[in-house]
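Undergrad: Chain by chain, the residues:
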Amino acid sequence: MEALEKLLESVVGRLGIIHLDWRYFVMWMVAFFFLYLAVKKKYEPLLLLPIGFGIFLVNLPLAPLMGDHELFWIFHHYGVEWEVIPCVIFLGLGVMTDFGPMLANPKSLIVGAGAQLGVFVTFLGTYVCGFALPEAASVAIIGGADGPTTIYLTNALAPQLIGPNALAAYSYMAMVPLILPPIIRALTTKEERVIEMKQLRHVSRMEKILFPIIGTIVIGLMIPDILPLLGMLMFGNFMRESGVVRRLSQTAQGELMNIVTIFLGISVGATMDAENFLNPKSLLIFGFGIFDFILCTAGGVLMVKLMNLFIKEKMNPIIGAAGLSAVPMASRVCQDMGAKEKPGNFLLMHAMGPNVAGVIGTAAAAGLMIAMFK
Amino acid sequence: MEQIWNQVMERLSNPEVLFGLAVRFFGVFVVLIIVMIVLYLTGLVFQRIEEKTQEAASAADKGGPPPPLTPTNRSAEAVGTSPGSDVLGEVAAAVALSMVPDEVAVAVALALTETSKERGVATRFPAQAGVPAAWEEPGMAWKLVGRQEALFRTTSLRRYITSKGE
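Residue numbers (this note's numbering), protein chains in the order written: chain D, 20 to 393; chain E, -9 to 156.
Watch out, some of these pointers could steer you wrong.
[Said to hold, decoys possible] Simulated pairs of lysine-lysine, DSS-like, Cα-Cα distance not exceeding 30 Å: (1) E:Lys42 with D:Lys217; (2) D:Lys361 with D:Lys61; (3) D:Lys227 with E:Lys42.
Note that these hints are calculated values from the structure, not bench results. As the structure is a computational prediction, the values presented were derived from the model and not from experiment.
Please model the complete structure; the sequences and the hints are all you need to start from.
TA: So this is what it looks like as structure tokens:
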């Protein structure tokens, strides 16, 4: 009889339903919200869908997924903790990115730097609110709107925050079309928004081939801490521009990118169990994240306005908002807005300059943070 | 409230924070400004090289101006194209037949390929078993070649190209 009781106890004890409590339901709601955004609203579905499903799976009681050497633990450990996935994503990003608009208009690098304003203000804000310095740095980089950089920096400085940080970064990136327009409108006048920009000069193939090498030398010598990310970005871009390794380029931007995106999404989602997520720090991170995004967008727009005071050929301040990385969504938003303000005003290529400069700027800011705190 | 305020002030008075923050913020600008200057200089060098190349090309062309690229309101018969004529001829014929730019590209490519085949000239993209040629890559305009070939056969362009052939 006693043996039977023990057997029953062990069977019943292994039933997930016995261990359910309110926190699991809250986390399911969070997971379903991200799945809704991905499926119904089509906001960054490539990332929000695996993240949402990852959250859902790890928030089933007794799920053997994130314990030592369990499935998601392995994805997370070897992919994210070992910093493999963010760097591989940067490789794919490098292959997909055309730096031509930035090379044609190097001034856009300054716009990319201006868009880092939010990163530093948020850093101060989070620190004042009680976060440790490395934690504050990892939260601040969310505003750079660059998922892989956020994951890379957070993993280096505050790995315990990787779930909320990555989730905040990707969810706000998905909301770029909603966040950018009101800020741009608030900071610019109608006259400024209809400025037409001169067509960009032609950039020769040799220039494009040399950029990854020159860029790596210049940035690598100044901020070596960011070389794993930036080096892969430049390597990918070199493969693209050289034009001699078409098969490798196609793999890096296609299958390889898709594979690591699946593992990244599921790994990030898997870090979001109820215990890690349902605490005041995570909510603060989400609050600071949106504040950060707004300030970074404003920083880019204001930087263009400041530059317009000194340069002869005025820039349309709308493109400043693209200094927020989020390639190429931020540029598309700028293009749409410019075309709405003045039909026939094509800002897409002009916005791509600050957009890719924003990627480099965020990586530079992350490198400086790592250099200071690691 | 006062306690929170004191804590904030205490944290802000940490010189490492404010100084470090300023250093990092301006550090990003310094790094990107250096990259910008390097890109400007590289751009200038390449622009100069391009100008020189163009000058050299225009000096070489001084002997006779090239025929117009897009003759308007001309009939295809008037163009007088043949397998032996240059690419401009094929373009002119295609334009005269009101073909859209993609079709023009494909028509010219097809004409040249057929001509080279007829004359036994080696093509630029030799076919290898199982390996797609460069023009078959996704996104290439020439990928449309199959569809365009059907279109091409229905037009009279082919007649003009092959009528004076061997």
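Undergrad: Each hint: holds or not?
TA: Now the hints, each set against the structure:
1. Between lysine 42 of chain E and lysine 217 of chain D the CA atoms are separated by roughly 23 Å; this keeps the pair inside 30 Å, and the hint holds.
2. For the suggested pair lysine 361 of chain D and lysine 61 of chain D, the alpha carbons sit about 27 Å apart, so the restraint of at most 30 Å is met.
3. Our distance criterion of 30 Å between C-alpha atoms is met by lysine 227 of chain D and lysine 42 of chain E, whose separation comes to about 19 Å.
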